[in-house]
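Protein chains in written order, with the working numbering: chain U, 1 to 508; chain V, 1 to 118.
No lab work stands behind these hints, which were simulated from the structure alone.
Quantities reported herein were computed from a predicted structural model and do not represent experimental measurements.
All residues carry an ideal CB built from backbone N, CA and C; glycine is no exception.
It cannot be assumed that every hint is accurate.
Using 27 angstroms as the maximum straight-line C-alpha spacing, the simulated DSSO-like pairs for lysine-lysine come out as follows [stated by the list, open to error]:
#1 Lys59(V) - Lys69(U)
#2 Lys465(U) - Lys385(U)
#3 Lys59(V) - Lys135(U)
#4 Lys24(V) - Lys196(U)
Examples of chain U residues lying across from chain V (beta carbon under 10 angstroms, computed) [what the hints assert, rightly or not]:
#5 Ile60
#6 Leu63
#7 Glu65
#8 Gln388
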Amino acid sequence: MQDKFIMFLSLFKFYTRDILFLSQKIPNLSSILINIHTNMNTNELFAIAPIISVTTLSIIVLLIESLIKKSERLSFGVTVIGLFVTMYFSITTFELSGTAFNQMVTIGGFASIFSVLFSVAALLTVVFSKDYLQKENANFGEFYILILFSTIGMMLMASAADLILLFIGLELMSICLYVLAGFFRNRQSSNEAALKYFLLGAFATSFLLYGIALVYGATGTTNINYIIQNLSNMNNSLFISVGIGLILIGLAFKVGAVPFHMWVPDVYQGSPTPVSGFMATGAKAAAFSAFVILFINSTSSEIKTVLILLSALSMIAGNIIAIAQTNVKRMLGYSSIAHAGYMLIGLAAANQLGRDGILFYLFAYMLMNIGAFGVISLIEANEEKNLQFDDYKGLGTKKPALAAILAILMFSLAGIPPFAGFFGKYYIFIAAVNSNLTWLAILGVLTSVISVYYYLKLVVAMYFKEGEEILFSKVSPLSYLVLIAIIILITGIGVYPSSILTILNQIP
Amino acid sequence: MLADYIPIGIMIIFGVGFAIVLTKASEWLGPKNPNDVKQSIYESGMEPIKSARERISIKYYMVAMLFILFDIEVVFMYPWAVNFRSLGMFGFIEMVIFIAILMAGFLYLWKKGAFEWD
């Protein structure tokens, strides 16, 4: 007992020293505070309304969870309503432009589009989680709180105009996802997923942070716009190259691009199924938003080479390894590596259409993939049953509605028209052709053809094979409603793609 | 050029010398009544040599994390307190919001029993 007390005393001493050190720095801090005070006005608060709205929502849910017993239903309802409010604010702030809070956050346009994407992703995840968590006896209010916190992190990343804010957003998002990956604490695979994701994720984050430190050391600022504008006439080119390279590694890890993809299949397989969907779409979209902010206007040929390499490797490895999978969640994990590869083509193209293509693709991919993971979570039975391809045999006759929805989602993921997935790929490949990367576009088309094999393998299993009788749990009407909404959206976007593209064109 | 380092040299000599003189002085002058407890490395009773793979109750980690939470809070309050007058009502409201957010977390921990030792 006593030795532990001493351990605490030493800890305490350590922190007292910290405070003393910081208090010497106070003159600096106070000048920053006064600066914020004089420059802030209410318009800036309105400009970050989506972020404020999710933050308020998460605190409300936190209070509900702590003050009211058996409050899961209430938490669920409040979360859904609050996310709709967030979506409303995201849309109303779309017209704004520029930066706020001493050039810390970008407002309107790009950030708003991503806020819409993240709130829709969170909403769909929460809806699918409700059934799933009840089925697995893990319906705790903390689930909703963690999803909301990580949504805040994603929004901060997408609206970052400063490398520090980017880092804080990334950390907030990742730490919540580490916990969510291990949400089933009695399940071994879930623990493995959480530990693997945490160790590798923390390692990748440290790469990113070291990159930021080097760039700051070379340029003397963390302001992204300033760094991008003055990149060509800076002297410390070695530090900048190494710094940018490290930042690229950190972000490539988060999107799961080859060769930084080792964690993806294990984590997606072990995590609770709706959380896998959220990680595959929300976290990936957040990392791509950072990619677009930092690299879309880059003219450097080295960065372009690296991006082309990452994209080609991801498409080839992701699609080919996915063929060999027997577990549906694992297959979607490898397919998400491949999808990251397609989106990296748009980044390597580095033009306006490339950026719009990435945004379009992210929207389509978000709907398809959360939908697919949602259907899988509805079919899945306790203790990770019903996850093999064999379990899907004969689903077409046993559960015709779910099978039809899953088939449409698979067609869309494979990029077959008239669904949204096709046009996502189409715009990205066009962008690649426009910036003389025709061979990369051809590689993209070829690997998409490979992907058709494993997506349709699932459809073939569902409709053309006889399977044994397996147990299903009841599917709530709400889940069906959301799935039908997803199908309508995917088909709508696929039939009328200019509706989204005209909105994306308005972003400066 | 090298002459600039003379004050530093003197400082090092005095610093080291002072420490040596004081420890040696107490060794020569002080009374010596050794016993087993005094001779042990940590008088508190902690064994200095044992398995390093000791398991520590999660309660300690909880307290450590809570400590960091309020530690950070205090760090932010220092500059605010120094500039309280110039920040005025704006600063006050900002700080109330900041504390309110932290208090929400505090309330959650309290209701979940993070402060109960047993």
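Broken hints, numbered, in rising order?
-> Going through the list in order, the structure violates hints 3, 4, 8 and respects the others.
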